[in-house]
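**Q** All chains should be built: construct the whole structure from the sequences, respecting the hints.
Protein sequence lines, in the order shown, are assigned to chains A and B. Numbering of the first sequence is given in UniProt numbering, commencing with residue 1 and proceeding in unit increments. Numbering of the second sequence is given in UniProt numbering, commencing with residue 1 and proceeding in unit increments.
Keep in mind that the hints were calculated from the coordinates and are not lab data. As the structure is a computational prediction, the values presented were derived from the model and not from experiment. One or more hints might be untrue.
What the hints assert, rightly or not - Short derived list, chain A residues pointing at chain B, Cβ under 7 Å:
#1 Tyr78
#2 Thr110
#3 Ile303
#4 Val309
#5 Asp360
#6 Glu361
The beta carbon of each residue, even a glycine, is placed where N, CA and C say it ideally should be.
Number of protein chains: 2
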Amino acid sequence: MEFFINEKILSEAVADVAAVISQKSTLFILKGIKIEASEDGVRLTGSNSDLIVEKQIPAEKTALEVIHPGTCVLPGSYFQELVKKLPGNVHMKKGSESCVTIHAGDVKTTLSVLSEGEYPRLPELDAGDDFSINGARFLSMIRETMFAVATDGNRPILTGVHLSFSGGTAQAVATNSQRLAMVKQDIDIETENSCTVPKTALKQMLKLFRSSKQTVRIWFTDHYIQVKSSGTSITSRLLDGRYPNVADLIPNETKTVIIVDRLRLMEAVDRAGLFATEWRNHNVHLKFIEGNRLRISSYTPQIGNIEEVIRVNKCSGDDLVDVYVDGTFLLDALKVIHGKKVDIRFHDFMKPMVIQGEGDESQVHLISPVRA
Amino acid sequence: MEFFINEKILSEAVADVAAVISQKSTLFILKGIKIEASEDGVRLTGSNSDLIVEKQIPAEKTALEVIHPGTCVLPGSYFQELVKKLPGNVHMKKGSESCVTIHAGDVKTTLSVLSEGEYPRLPELDAGDDFSINGARFLSMIRETMFAVATDGNRPILTGVHLSFSGGTAQAVATNSQRLAMVKQDIDIETENSCTVPKTALKQMLKLFRSSKQTVRIWFTDHYIQVKSSGTSITSRLLDGRYPNVADLIPNETKTVIIVDRLRLMEAVDRAGLFATEWRNHNVHLKFIEGNRLRISSYTPQIGNIEEVIRVNKCSGDDLVDVYVDGTFLLDALKVIHGKKVDIRFHDFMKPMVIQGEGDESQVHLISPVRA
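**A** Now the structure itself:
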């Protein structure tokens, strides 16, 4: 194996694949980055047992010149730190069976290789279903739901986002039983598929494709999802189990609807959160008061209280809004909703409130009230 | 107590005094911020048992209007978080013996007060010696030595920077026994004083006066130092004990002197540090080689090695440089040295190397070699 490569291109690619490597891995070989040089270019692979990231760097005049094809596995963290600091074009060469020399400018390095025969085989995805989707829209669906997954492990299926593609609609849902975030989008492909993707994989997807404006290609198999765009691919094991039917959770009768300015409500809930951080007091009180106004307040015994009153733009139905909600849940939802105004629907005390952008059906957020 | 104050001025002052408050303090009252309003303005105080920060905000037309003088102690972290988020001019008023109301825009808050009678009295510094010194130069003396203090507590006196003022010279020294950083400056005042200031206090000083171009006023007593500039003061307990005489540590015979480019050496030592992070291998090898060059290398068994060769601008004396040093110590020293080139003096294997800016006697850095 021998090639010359631009140090910036190498460093960025190594950082992307190294991000999934776990130093705590019990399989020593998984602390390595696999490098495969061929006539087409160089492929880097990083993996932990659940997640695989691959980067294909194409052979191009100025960026990469492959002299001899070959394969090796290098210690991931050392290789990553090293390439960050190399001063110019990099010359990598497998010197013997046991080491790779890396030269750049005046710097000469030798790294011991890990045993490439032990590197696990990646799952075959040829058999699965695949389709393409607008990358920016796919990522925004993830971003706008991911925060709502469960963080405890009582119901593992709830620690991921449930993606479903059916009848020209793509849908992402996340819930931790107390709150739910759902985003829908029209897509111009006919596919019937659904799966639940772990949050850790989704976070990596957002990072890997952050600057991508391109289409992404998605593969599904029974146990894996792969998302691929312009030479970068990420493959994640899916969460096993049946995702709950969320359509039943959305209340269909509404007692009160109010419309308020989104940013103004966010500010008020954020401030009220100051006094809602203690145990059993993680809640913010919303109360409709005379003259079309909403009072947002919170209280911590022995410390103090805060309240402010904001204008309600529109109110219909029974106006007796008087609920306590988890302020952080409300803030999370308000942050990702589009548009200037939000439409909040209240039901009886036992049912969740529904929050949406005004006139926007593509996002639905549910938050269950808490007892005061 | 009642006053109106600009929210930005209040928020910045609160952040400064809150920085020294420890949430772990066993004295509950020290989790509070003391507020004293008088005709002249408002004084805020934050303290832990060793460190006190005070901010005086003068009464001025637009920034602060005091209606009634008075005193209170508010829970520090709540007050700090609250004032960060207030939307406009703040109206603070002590409503009863037990609480203070804080109004800003539509926001109304009540905070319980802590018992002001329990707030500790601050040390009296009237009796001490005091003088003024250029603030920027004083801070740079701290910045250029502080990193070299001992981090373990075996010899508590070494966990601070020793400041001495004598015969028109100000000197700062820090050492952890393996390395030493010393900075000298001429000052145009006659004072004879010396003390050892804990690193935690020095870090706060750098933060508090970071943007100050003004003169600072320094008070000394037997147990305290106070540094004051434009309404802000910090008072720290001094470290007890006798600081070692460092003049004896600087070797006076030199075997070899080399002069190299500072940034070029920094890059090389930084890269070599990649393979010098393991236990017992925290060292970088410096070796003079033929043709007026210096080889910088390091090696970690089972992982790999790195080496690079840089040009030596000048070399005099016996040229057999062949030493191992702690790379992080060398890097720390190179970072704070002024000028493009550094002058490194080597002695026998048991004596520290001496690093200075070329032709600059104001800074001296010593680093003891380690065994390979």
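**Q** Each hint should be assessed against the structure and marked as holding or not.
**A** For each hint, the structure was consulted:
1. Tyr78: OK, holds: tyrosine 78 of chain A within 7 Å of chain B, min 6 Å.
2. Thr110: Because about 5 Å separates threonine 110 of chain A from the closest Cβ in chain B, which is inside the 7 Å limit, the hint holds.
3. Ile303: holds (6 Å)
4. Val309: holds (6 Å)
5. Asp360: violated (27 Å)
6. Glu361: With a closest approach of 31 Å, the glutamate 361 of chain A hint is violated.
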